[in-house]
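Protein chains in written order, with the numbering used here: chain A, 1 to 250; chain L, 251 to 311; chain X, 312 to 532.
Keep in mind the hints are simulated off the structure, nothing from the lab.
Please note that the accuracy of each hint is not assured.
[As the list claims (entries may be wrong)] Pairs of lysine-lysine, DSS-like flavour, derived with a Cα cap of 25 Å:
id, chain 1, residue 1, chain 2, residue 2
1, A, Lys157, X, Lys528
2, X, Lys528, A, Lys89
3, X, Lys467, A, Lys157
[To be verified] Under 8 Å between C-beta atoms, here's a sample of chain A residues computed to sit facing chain L:
id, residue
4, Gly11
5, Leu51
6, Arg57
7, Pro63
8, Ile101
9, Arg228
10, Gln236
Just so it is clear, CB atoms sit at the ideal spot from N, CA and C, and this is done for glycine as well.
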Amino acid sequence: MKLPVWFHKLGSPPYVYALAGKLSPWLGAIGCTLIAVGVFWGLVIAPPDYLQGDAARIIYIHPQTAYIGMQAYVVLAVAAGIGFIWRLKVAHAVAASAAPIGATFTFCALATGSIWGAPTWGTFWEWGDPRIMFELLLLFLFLGYMALRAAFDDREKADRVSAILGVVGVVNVPIIHYSVLWWNTLHQGPTIMQLGAPSMTTDMLIPFLITMFGFMFFFYWVLLDRLRAEIVEREQGARWLRELLAGSRP
Amino acid sequence: MREFFYMGGYAPYVWSAYGITLAALVLNVWWIRRLHRRGLEQARNASDEGEPAPQARVRQL
Amino acid sequence: MDLFLIVLKRDLKLAFRRWSELANPLLFFMIVTAMFPLALPPNTAQLQALGAGIPWIAALLSSLLALEALFRSDAEDGSMEQLLLSPAPLGSVVLAKVAAHWIVSGVPLLALVPAVALSFYLPVEALAVLVPALLLATPTISILVALGAALTVSLKSGASVIGLLVLPLCSPLLIFGARATDLAANGEATAGPLYLLASLAVLSVSLGPIAIAAALKVGLE
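Just chain A, same shape as in the assembly (with noise of 0.2 Å):
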């Protein structure tokens, strides 16, 4: 199937690499401003909430967190996908450089989602939730995959196995967000409350918005920060590397 040149030159681990490295301090720039932006007008601006008080503020991190984790797993298939077609080196790359990072934000999402359970519902955990069980399946779903990468020794052939995993996980994702959701509405527990849902108050949406965003930017920051590092333990060696050093030497 003929393909267009970008995408070809995609597959190039010495282009890839420069491209990163010219993209992500912007997209690093715009995400940390977005982010602290967005944290002052949520933790001094905001103004705290009817029931819950200051914190509620807590609400500016974890479904951020939450979602971008849910992000990553989807990158984290899609590129493994592509790997696993098109045989590209690079896409395994960055397969495997999401997966830490997405669990790195899913467990934020726990945590924060655990203490913000504590005040409000009175406990740090409650079984019973959905989201917890979808956020702790996730989890598992990076730890997972994370580990059956561990476990080969061979590089290439540890891309090709964890990209079955990884694209047969994120068919799974729908199934068992549907699944836990319906699970919930038989659970005999306190009310939850429906926190992030429609109506929240433009005071409350535009910080909400600002670190959603700024979290996603700095995943991609982050995810090609990462990336650059694994192409450079991939390409030891190779000659683009060895000239690129030679090139920066004093």
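Starting from the known structure of chain A, fit chains L and X onto it as the hints suggest.
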């Protein structure tokens, strides 16, 4: 100012949540930079010795 | 279809040659089940509440045990490589192997389940849902565990990582199946989750072998 840190009584919760997240983000950035630097050093050392570096084993994190 | 039947017959024959090994997952199922009342207060109400879910967890874990080495013996003696080299559709072969295993370990489990369920004071209405639900879910479980086995086929320590890979993927089955049993115990309608289990079975049996075959090819190349 004190009220800001007090967070209406929820100070330990709000600050630990933000703190953990911030720490995780910073850790990510720092760890990745470290990985990158190590990789470049390894490549540099190998090319100094005039031979290609051995294929690095699959490393995680 | 021919190849499917040939491999199915072969694997069944091989399995029955070592029939004592067939008993192991079933014994494991019983032992895991017995662990629960030991670890938890064995009062009637508690056990009844748990009775819907325990057979499911035990079935999942014993499938892991039974299927974990599904491909390893063939991989080790070289017959898997022969299969990979031949023009035969690997998907059919895989499906036949999984089917053989399901017949040999999944189905006998269904015979044990009623006794276990009743021992946990599960009402008969719940049992009437539990067995069909397991019947629908065990093919999916077998496919998913076989996928885990295929992904780890070339690893020496595959057994340690397969659970981590497979159990999160099996969580929807656990949810639909165990909760359906619970619903039945409370006298509510259970058609929904049973249909969902059926559709998951269709999905996994049709698409699973493709992924499993791909994993085997990659793992053994």
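Results of checking the hints against the structure:
no.: 1; hint: Lys157(A) to Lys528(X); in the structure: holds (10 Å)
no.: 2; hint: Lys528(X) to Lys89(A); in the structure: holds (18 Å)
no.: 3; hint: Lys467(X) to Lys157(A); in the structure: holds (14 Å)
no.: 4; hint: Gly11; in the structure: violated (20 Å)
no.: 5; hint: Leu51; in the structure: violated (12 Å)
no.: 6; hint: Arg57; in the structure: holds (5 Å)
no.: 7; hint: Pro63; in the structure: violated (12 Å)
no.: 8; hint: Ile101; in the structure: holds (6 Å)
no.: 9; hint: Arg228; in the structure: holds (6 Å)
no.: 10; hint: Gln236; in the structure: holds (4 Å)
When held up to the earlier numbered hints, the structure conflicts with 4, 5 and 7 and fits the remainder.
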